[in-house]
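Please take these sequences and the hints and turn them into a complete structure.
Protein chains: 2
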Amino acid sequence: MRGAWKHKRALWLVAGAAQAVLVGSGSRALRAQERDKHEGERGQHPITIAKQGSFAFGGTVLTSPGTFDPTAFVSTDGNTLHGDHGYVQFQIPPDARELPLVMWHGGGQFSKTWESTPDGREGYQTIFLRRGFAVYILDQPRRGRAGQTTVGTTITPTTVDQSLFAIFRLGIWPNFFPGVQFPRDPEALNQYFRQVTPNTGPETTDLVSDAVAALFNKIGPAVLITHSQSGKYGWPTAMKSPNVKAIISYEPTSFVFPEGEAPPPVATAFPQVAAITVPVTVPPAEFDKLTKIPIQIVYGDNIPTAASPYGGLELWRVTLVRVQQFADAVNRHGGDATVLQLPSVGLHGNTHFAFSDLNNVQVADLLSHYLHEKGLDRGKGKEKGKEKKDKDDR
Amino acid sequence: MRGAWKHKRALWLVAGAAQAVLVGSGSRALRAQERDKHEGERGQHPITIAKQGSFAFGGTVLTSPGTFDPTAFVSTDGNTLHGDHGYVQFQIPPDARELPLVMWHGGGQFSKTWESTPDGREGYQTIFLRRGFAVYILDQPRRGRAGQTTVGTTITPTTVDQSLFAIFRLGIWPNFFPGVQFPRDPEALNQYFRQVTPNTGPETTDLVSDAVAALFNKIGPAVLITHSQSGKYGWPTAMKSPNVKAIISYEPTSFVFPEGEAPPPVATAFPQVAAITVPVTVPPAEFDKLTKIPIQIVYGDNIPTAASPYGGLELWRVTLVRVQQFADAVNRHGGDATVLQLPSVGLHGNTHFAFSDLNNVQVADLLSHYLHEKGLDRGKGKEKGKEKKDKDDR
Chain A
27 MRGAWKHKRA LWLVAGAAQA VLVGSGSRAL RAQERDKHEG ERGQHPITIA
77 KQGSFAFGGT VLTSPGTFDP TAFVSTDGNT LHGDHGYVQF QIPPDARELP
127 LVMWHGGGQF SKTWESTPDG REGYQTIFLR RGFAVYILDQ PRRGRAGQTT
177 VGTTITPTTV DQSLFAIFRL GIWPNFFPGV QFPRDPEALN QYFRQVTPNT
227 GPETTDLVSD AVAALFNKIG PAVLITHSQS GKYGWPTAMK SPNVKAIISY
277 EPTSFVFPEG EAPPPVATAF PQVAAITVPV TVPPAEFDKL TKIPIQIVYG
327 DNIPTAASPY GGLELWRVTL VRVQQFADAV NRHGGDATVL QLPSVGLHGN
377 THFAFSDLNN VQVADLLSHY LHEKGLDRGK GKEKGKEKKD KDDR
Chain B
27 MRGAWKHKRA LWLVAGAAQA VLVGSGSRAL RAQERDKHEG ERGQHPITIA
77 KQGSFAFGGT VLTSPGTFDP TAFVSTDGNT LHGDHGYVQF QIPPDARELP
127 LVMWHGGGQF SKTWESTPDG REGYQTIFLR RGFAVYILDQ PRRGRAGQTT
177 VGTTITPTTV DQSLFAIFRL GIWPNFFPGV QFPRDPEALN QYFRQVTPNT
227 GPETTDLVSD AVAALFNKIG PAVLITHSQS GKYGWPTAMK SPNVKAIISY
277 EPTSFVFPEG EAPPPVATAF PQVAAITVPV TVPPAEFDKL TKIPIQIVYG
327 DNIPTAASPY GGLELWRVTL VRVQQFADAV NRHGGDATVL QLPSVGLHGN
377 THFAFSDLNN VQVADLLSHY LHEKGLDRGK GKEKGKEKKD KDDR
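Those protein sequence lines, which keep their order, are chains A and B. For the first sequence, counting from 1, position 74 maps to 100 in my numbering; every step adds exactly one. For the second sequence, counting from 1, position 84 maps to 110 in my numbering; every step adds exactly one.
Chain copies aren't distinguished; within one or between two, either way the pair holds.
Restricting the straight-line Cα-Cα distance to at most 20 Å, the calculated cross-link-like pairs of lysine to any residue (SDA-like) are:
# : residue 1 : residue 2
1 : Lys77     : Asp145
2 : Lys77     : Pro120
3 : Lys77     : Ile118
4 : Lys266    : Glu229
5 : Lys77     : Ala214
6 : Lys77     : Val387
7 : Lys244    : Asn216
Just so you know, the hints here were simulated from the structure itself, not pulled from any lab data. These numbers come from a predicted model, not from an experiment.
This is how it looks when you write it as structure tokens:
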């Protein structure tokens with residue numbers, strides 16, 4: 027019951043008067059969200075899927091010189107290797123809404139980001155499937171299930187769990203932040219530390235954004251949801267494919283600006299933080315493409331407002347300066363970019379992974395609300411009239 | 027209609043008189059299989075899932091010397107890395123049957139093996155979910171979504187597509203075998219060549235079988251389904267976990283024997299083939315564990331019966347000699363191992379990936395039949411009486 031109350035409060039705070047009208051009118055869509063949330067929390071209502079599957083997208087082909095010998099057991103001469111593709115797993119509910127959600131993991135991560143949470147609750151993949159969206163969760167080229175690479179690399183195990191504990195804003199190791207929305211079960215932390223996988227080849231912006239643009243060209247218009255490092259890659263992907271109809275980005279750290287409009291440096295004692303958040307400039311005509319789609323950028327809690335002695339937290343202080351510069355640039359050029367800090371709408375304690383935090387259903391409610399507000403959650407086949415629409419909204 | 031006929035014929039050929047009794051009695055289980063098969067082929071009947079998710083299993087922790095500095099942006103000193111785990115994705119239908127199916131990919135492959143097929147049809151993951159089984163599809167340690175490794179490696183792209191075309195028995199490149207059960211759409215072959223991903227660290231039998239035994243210890247009694255290289259790993263996994271209640275292995279090439287009972291070499295002109303199929307010996311007490319569970323080993327078509335000039339085909343000729351030696355050894359010691367060559371029951375043209383071939387629903391029917399015959403497809407809660415059982419069988 028408390029969750030339901032907090033949920034309503036959060037929606038109110040985000041939407042203000044517009045929300046009051048929706049609630050007052052007994053909107054089917056909002057009632058459906060309430061129902062889905064409760065069912066998701068209980069996890070007892072079966073999920074219904076019309077179709078599920080997976081496929082590779084984009085990629086290249088490497089060919090070795092020589093002549094293929096069909097009798098040899100294995101030979102590389104004249105053989106090919108198909109690599110550098112991305113990989114996507116999809117689930118489509120019956121009567122899916124018009125625009126699928128494409129979910130892209132961050133640095134060192136893979137599709138797990140959107141799957142069940144470290145403590146086994148439903149993640150965005152299943153939550154939004156329940157809410158009637160086709161959901162595509164991807165592994166970018168040279169990561170996870172898309173590991174086949176045409177360029178080799180050396181993998182060196184690197185111990186960084188405790189550093190990431192701060193960067194991901196669970197706390198300052200070994201102490202959790204008070205009230206942080208992360209489970210205290212040690213097995214949850216074990217699972218969390220294991221949802222990482224190394225690159226199998228060099229990572230470049232063009233490699234991954236070309237592939238994901240190819241995905242959008244294949245599946246058609248859809249909404250792109252990025253996280254952390256893939257925020258950086260989402261901007262050029264939207265420039266490369268007109269099928270990216272909106273971007274919701276959770277905690278990106280890198281932003282693009284039109285050439286000649288890069289904002290000045292943000293002072294910080296940590297050179298790595300400065301490097302990660304340095305403005306990227308693009309031709310104005312490319313930047314302009316970002317002004318044609320709704321963009322929402324979301325951050326959690328425990329971000330310092332003054333310079334921090336902890337590098338992992340300082341990253342977020344500087345990022346919040348940068349993201350506002352980015353949103354201002356998009357809006358100055360006629361676009362629609364908003365920055366949402368979850369504490370400002372009553373959600374406290376969120377980490378770098380708000381979509382899998384303990385209150386992720388409430389975080390998902392905010393995404394549902396944004397998609398609704400921007401007309402991105404339409405049902406299919408409006409031409410079929412009211413009966414169809416009611417069904418979508420149920 | 028033709029598919030249904032072939033299905034019935036295959037079941038008849040496998041089961042003989044016992045099958046006649048089952049069909050004669052109008053068994054609900056077999057009628058349900060027929061229904062599922064047709065619905066799966068149409069792909070129009072929604073799938074219902076009670077719960078889905080993913081988690082890491084097994085694994086180790088690597089710790090760097092030194093003292094963790096919480097202020098550093100990133101430092102390895104005194105930090106840990108969690109690696110060497112496997113990764114599993116599961117889907118559980120409402121009223122699931124008692125024993126889940128755990129599906130393990132082969133060499134160079136990952137969970138894709140069991141997901142949708144190269145031409146986008148349903149694979150074993152979804153087919154057996156529709157048939158009421160909880161399905162677990164895994165990535166073994168240092169592969170795919172389980173790429174985080176405590177031991178580094180160098181990844182070198184290796185062009186072997188055309189060699190694998192023969193080893194996987196699609197044909198002799200660029201010609202498909204006549205009647206081979208692989209789609210001729212070039213995009214299907216493109217997808218097939220991309221369902222490969224490299225190891226991110228050294229691969230050893232203990233590494234992967236320890237992890238998968240840990241998975242069985244976590245989820246409880248279940249049926250293990252292996253493919254190709256994981257056949258070799260399935261035997262020790264069953265020795266390590268009493269929760270492995272049966273093994274169905276598609277096209278394994280390596281087999282275990284009790285010490286002192288290794289069969290003699292099989293003559294072949296290909297040293298690589300001899301090495302892959304060389305008998306592995308284990309203490310008799312360990313081997314004995316394989317005699318306590320039903321084992322079925324399945325092979326497709328286009329396997330030569332005399333020495334072949336093609337190394338990729340010779341592998342299968344020698345393997346068929348070895349597998350019979352293995353089954354004989356298991357049965358000689360009181361076990362229950364059977365070898366099923368699909369052409370012998372009327373299924374022709376199957377490749378190394380029978381479970382994703384064009385006729386994979388019929389191949390799945392044979393697995394359903396085997397599970398039923400061995401009492402491995404029981405519904406849960408038999409204590410609830412007939413009503414419950416009827417529901418499971420519907």
